[in-house]
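Those protein sequence lines, which keep their order, are chains V and C. Per my numbering, the very first residue in the first sequence carries number 206; after that it's consecutive. Per my numbering, the very first residue in the second sequence carries number 595; after that it's consecutive.
FYI, nobody ran anything at the bench for these hints, they're computed from the structure. Cβ atoms here follow ideal geometry from the backbone N, Cα and C, with glycine treated the same way. Accuracy of the hints is not assured; some may be wrong.
Derived lysine to any residue pairs resembling SDA-like cross-links, with alpha carbons at most 20 angstroms apart [said to hold, decoys possible]:
no.	chain 1	residue 1	chain 2	residue 2
1	V	Lys581	V	Ala242
2	V	Lys292	C	Arg683
3	V	Lys544	V	Ile523
4	V	Lys292	C	Glu682
5	V	Lys547	V	Lys581
Cβ-to-Cβ under 8 angstroms is the rule here; a few derived chain C residues that face chain V [unchecked claim]:
no.	residue
6	Met607
7	Ser609
8	Leu610
9	Arg634
10	Ile648
11	Ser660
12	Asp666
13	Asn667
14	Thr678
15	Arg683
16	Arg685
17	Lys699
Label-pair restraints from in silico Cβ distances [said to hold, decoys possible]:
no.	chain 1	residue 1	chain 2	residue 2	range
18	V	Tyr647	C	Glu686	51 to 61 angstroms
19	C	His670	V	Asp444	36 to 46 angstroms
20	C	Val698	V	Ser324	16 to 26 angstroms
21	V	Glu446	C	Glu686	30 to 40 angstroms
22	V	Gly291	C	Val698	23 to 33 angstroms
23	V	Pro567	C	His670	31 to 41 angstroms
24	C	Glu708	V	Gly405	44 to 54 angstroms
25	V	Tyr647	C	Thr690	37 to 47 angstroms
26	C	Glu708	V	Lys603	37 to 47 angstroms
27	V	Asp591	C	Glu708	51 to 61 angstroms
28	V	Gly405	C	Glu686	53 to 63 angstroms
29	C	Thr690	V	Asp591	45 to 55 angstroms
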Amino acid sequence: MTNSHDESGRAVEDFLAEAEEIVERLNTDLVTLSDCADSGECDPDLLNAIFRGSHSLKGLAGMFGFADIQLLSHNLENLLDSLRLGKVTLSPEVMTVLFDAMELLSTVVRGLGGGEDCSAAIAEAVARLNACASAEPAGGESPLQKLGIPERILNSLTEYEEHRLLENVRKGRTIYSLHASFSLMSFDQDLGEITEALKGAGEVVSTLPSASATPESMIDFEILYGTELDRDAVAALVDRENVDIATFGAAPAPATPSPAAAVSISPASPPPAPAVVPAPGGEEMTAKSMSRTVRVDIGKLDELMNIVGELVLSHSTISALGTRMRLEGFSSLAIELGKAAKGLERKLTELQKGVMEIRMIPVGQLFEKLTRIVRKVSREQGKKIDLKLFGADTELDKLIIEDISDPMVHIIRNAIDHGLEPPDERVAAGKPERGTIRLSSYQKGNHVVIEVAEDGRGINIEKVKRKALEKGLIKTLEGVADRDALDFIFLPGFSTTDKVSELSGRGVGMDVVKNNIAAVSGMVDIESEFGRGTRVIITLPITLAIIKALLVTTAGRSYAIPITSVLETIIASDADIDTVERKEVYQLRQTTLPLVRLERFFGIARQAPPSGEFYIVVVGVAEKRLGIIVDDLTGQQDIVIKSLGDMFKGYRGISGAADLGDQRTILVLDVGGIIGEAFRSGG
Amino acid sequence: MKKILIAEDSSTMRSLLATTIESLGGYQIVEAASGFEALRLLPREPVDLIITDINMPDINGLELVSFVRSSDNYRHIPLFIISTEGSERDREKGLTLGANEYLVKPFDPARLQELIVKYTA
Chain V
206 MTNSHDESGR AVEDFLAEAE EIVERLNTDL VTLSDCADSG ECDPDLLNAI
256 FRGSHSLKGL AGMFGFADIQ LLSHNLENLL DSLRLGKVTL SPEVMTVLFD
306 AMELLSTVVR GLGGGEDCSA AIAEAVARLN ACASAEPAGG ESPLQKLGIP
356 ERILNSLTEY EEHRLLENVR KGRTIYSLHA SFSLMSFDQD LGEITEALKG
406 AGEVVSTLPS ASATPESMID FEILYGTELD RDAVAALVDR ENVDIATFGA
456 APAPATPSPA AAVSISPASP PPAPAVVPAP GGEEMTAKSM SRTVRVDIGK
506 LDELMNIVGE LVLSHSTISA LGTRMRLEGF SSLAIELGKA AKGLERKLTE
556 LQKGVMEIRM IPVGQLFEKL TRIVRKVSRE QGKKIDLKLF GADTELDKLI
606 IEDISDPMVH IIRNAIDHGL EPPDERVAAG KPERGTIRLS SYQKGNHVVI
656 EVAEDGRGIN IEKVKRKALE KGLIKTLEGV ADRDALDFIF LPGFSTTDKV
706 SELSGRGVGM DVVKNNIAAV SGMVDIESEF GRGTRVIITL PITLAIIKAL
756 LVTTAGRSYA IPITSVLETI IASDADIDTV ERKEVYQLRQ TTLPLVRLER
806 FFGIARQAPP SGEFYIVVVG VAEKRLGIIV DDLTGQQDIV IKSLGDMFKG
856 YRGISGAADL GDQRTILVLD VGGIIGEAFR SGG
Chain C
595 MKKILIAEDS STMRSLLATT IESLGGYQIV EAASGFEALR LLPREPVDLI
645 ITDINMPDIN GLELVSFVRS SDNYRHIPLF IISTEGSERD REKGLTLGAN
695 EYLVKPFDPA RLQELIVKYT A
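Given the sequences, and given the hints that come with them, work out the whole structure.
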């Protein structure tokens, strides 16, 4: 089918991108569906959209031979088909099965090309889906023939549209056919306006185009519409001259003409159903927005970012040349070059900002995923939870969002599993029956903060301290600050063992969460009040792609410190340094600043004794402060951090390397990691 | 050069169909991402064959078939429906409305090529 490996590789990539997009949308729609299932009446369009999504996915997966996805989406589609055709009722149990199948589908789609074997899980999901979907055929002759709708229209209705039509009849609605002619140039707009107006008070079942008897530049449409309104009211709704309205079957009961625009209800019919609300971003919208967005491989953006980074370096070289020219006496030329370089710098800054913005996505995408998990887990555990979201439009680098997705899931699960109490326990404790989880995000300088706060039982600090004592982490219970004790939770193997098991679960502890977040130069903090709740605060850099760094040297080696973590720098000498419990500290205004000598941290032997004066670089991430002692500061520069590769992965204190442009490579400090280590050994 | 209109909302499926057809040589593809787009394209681009999906966001494929067969201008154009094994009913309807072929996704590329050659000969 394809000519080369390259082409088929690209086709598979396209498939994956589209599949991910479909799965993402399905997930969102499923949440909306679950909401309206709770409240009663559902928008049939929404259910149909979900059906179409799984249908498309099945078709695509089949073409590319992904049997797992095909099988799963096929069975998902079957159940959704039964649901939209009204053969199965949307019960909470069915909803759970749908959520589970969807989650598995997401996992399989994401794990393509090297994921673990999910066949057992898929077989189970398929069995559950099938158990829900009724195999019974719709049975019986269609009563639609009796309505008197022209054959031509009936014949082009899909099975689903037939079902919707019947559903409208069953509800006692009148069926109208609206005939209109539009210019071929603008028919979608005209049609869009009419269907929008109609949807407010009924359901547009189908839109059948027909070749117009009128000039070639025109096109006719037959809109099949079910509503409780009478003919005059429908006409008023459409408010156009060239629309013919025909009525079929179930005419409104009252013989007396009701005033236009009033809702006529036949006595036997149920109370008026709430107006069908068009799904947010209707079909029209998706068709339009499709042409206005471009899907880009993040690798291409990385490449662009690298080029921008290299351009920035070239710019530094040019500026340096200008300086040299001035020193060597070409002053007028040097000034001109200097001006040109300034102009270049401005544009480069814009370019850099532009490329960076492309990588940014709202954390709302992550929140959506977490919302699903909250729903699912709370259902499983019978806990009642109000989830409140704040700052979903805060933007963050896509790669960071991806990398923190798993740790965030873990934190949310912890909050539900171990934080929030069951309803009866909450009531007994004098709390509202429903627990609250606040998921919020906001920008703070060059960082983005994400907080997960719940009003559950909180962490029993005394218990944590006793555990720490048992494990030999502390020698006595006295004098251990609560803040420090909470940090123990992040130690490997601390939280997953027996007695403190309510702090975490599932074998993966908070240490893994911490490491994952540290991998993207982030920090995680915990605050908790026993009996009142726990708050997890995650501080992340906005992007990892390109950053300003402070260049420092110590013992003859150079390092870069991300400027976002640098609070201030201080010139000091040995006389300024105190020792508290064999740890070096510096009195910075009212507070005691713990210190780390960089060469000792990395175990570098000094060739020459240090000079009397040195610098303290005060760094801080989240609420923690640390002074890093270095020999000298050598300047500031934009750097593009590149990962060190697997060989150096997890090398303590280093988050990556950067190219300085003059053939020198420099190591970038992992400030969060250094702070963490300093505090741990200090505690 | 024969022109073929593909009405299909999945971009991946569109390009897959396009690749399959273009590899035959002598065919040019006109892509429509929705039924509406197909309706707009038809008067502008005289085509030799139409391939449509059934499930599309605005009008469905059956409606497109019905439109094509009711128009004096397009009545003669061969038309295939390619859908994911939709219900037997939909298939029957499609063929009754005047679709020439009903293919099921995942389709067999060789079979599609064969049919295209046959109907555009």
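Hint-by-hint comparison with the structure:
Under the criterion of a C-alpha separation no larger than 20 angstroms, the hint pairing V:Lys581 with V:Ala242 is consistent with the structure, at around 14 angstroms. Under the criterion of a C-alpha separation no larger than 20 angstroms, the hint pairing V:Lys292 with C:Arg683 is consistent with the structure, at around 17 angstroms. Only pairs whose Cα atoms come within 20 angstroms are accepted, and V:Lys544 paired with V:Ile523 is accepted, the gap being roughly 11 angstroms. Only pairs whose Cα atoms come within 20 angstroms are accepted, and V:Lys292 paired with C:Glu682 is accepted, the gap being roughly 17 angstroms.
Between V:Lys547 and V:Lys581, the direct Cα distance comes to roughly 55 angstroms. Violation of the 20 angstroms bound is thereby established for this hinted pair. Satisfaction of the interface hint for C:Met607 is found here, the shortest Cβ-Cβ separation to chain V being roughly 6 angstroms, below the 8 angstroms cut-off. A cut of 8 angstroms between beta carbons decides the hint on C:Ser609: the least distance to chain V is about 7 angstroms, and the hint holds. Look at C:Leu610: its Cβ gets to within about 6 angstroms of chain V, closer than 8 angstroms, so that hint holds up.
Hint status for C:Arg634: holds, given a least beta-carbon distance of 7 angstroms to chain V, under 8 angstroms. For C:Ile648, the shortest C-beta to C-beta distance to chain V is roughly 7 angstroms, which falls under 8 angstroms, so the interface hint holds. Nearest Cβ of chain V to the Cβ of C:Ser660: about 4 angstroms, under the 8 angstroms cut. The hint holds. Residue-level restraint check for C:Asp666 holds (minimum Cβ-Cβ distance to chain V is 7 angstroms; threshold 8 angstroms).
Hint status for C:Asn667 relative to chain V: holds, with the closest Cβ pair at about 7 angstroms, below 8 angstroms. Look at C:Thr678: its Cβ gets to within about 4 angstroms of chain V, closer than 8 angstroms, so that hint holds up. This hint holds: C:Arg683 has a C-beta 5 angstroms from the nearest C-beta of chain V, less than the 8 angstroms allowed. Hint on C:Arg685 is violated. Least Cβ distance to chain V is approximately 10 angstroms, over the 8 angstroms limit.
Satisfaction of the interface hint for C:Lys699 is found here, the shortest Cβ-Cβ separation to chain V being roughly 4 angstroms, below the 8 angstroms cut-off. Checked against the hint of 51 to 61 angstroms, the pair V:Tyr647 and C:Glu686 passes, with Cβ atoms roughly 57 angstroms apart. The given range of 36 to 46 angstroms is respected by C:His670 and V:Asp444, whose C-beta atoms sit roughly 39 angstroms from each other. For C:Val698 and V:Ser324, the hinted distance range of 16 to 26 angstroms is satisfied, since their beta carbons lie about 24 angstroms from each other.
A C-beta distance of roughly 39 angstroms is found between V:Glu446 and C:Glu686, which places it inside the suggested range of 30 to 40 angstroms. Taking 23 to 33 angstroms as the suggested C-beta distance range, the pair V:Gly291 and C:Val698 conforms, at roughly 25 angstroms. For the pair V:Pro567 and C:His670, the beta carbons lie near 50 angstroms from each other, so the given range of 31 to 41 angstroms is not met. Between C:Glu708 and V:Gly405 the CB atoms are about 49 angstroms apart, so this pair conforms to the stated range of 44 to 54 angstroms.
Here the CB-CB span from V:Tyr647 to C:Thr690 is close to 59 angstroms, at odds with the stated 37 to 47 angstroms. In this structure the hint that C:Glu708 and V:Lys603 lie 37 to 47 angstroms apart at CB holds, the actual value being about 44 angstroms. Look at V:Asp591 against C:Glu708: about 60 angstroms separates their beta carbons, and that is inside 51 to 61 angstroms. Roughly 35 angstroms separates the CB atoms of V:Gly405 and C:Glu686, a value that falls outside the hinted 53 to 63 angstroms.
For C:Thr690 and V:Asp591, the hinted distance range of 45 to 55 angstroms is satisfied, since their beta carbons lie about 53 angstroms from each other.
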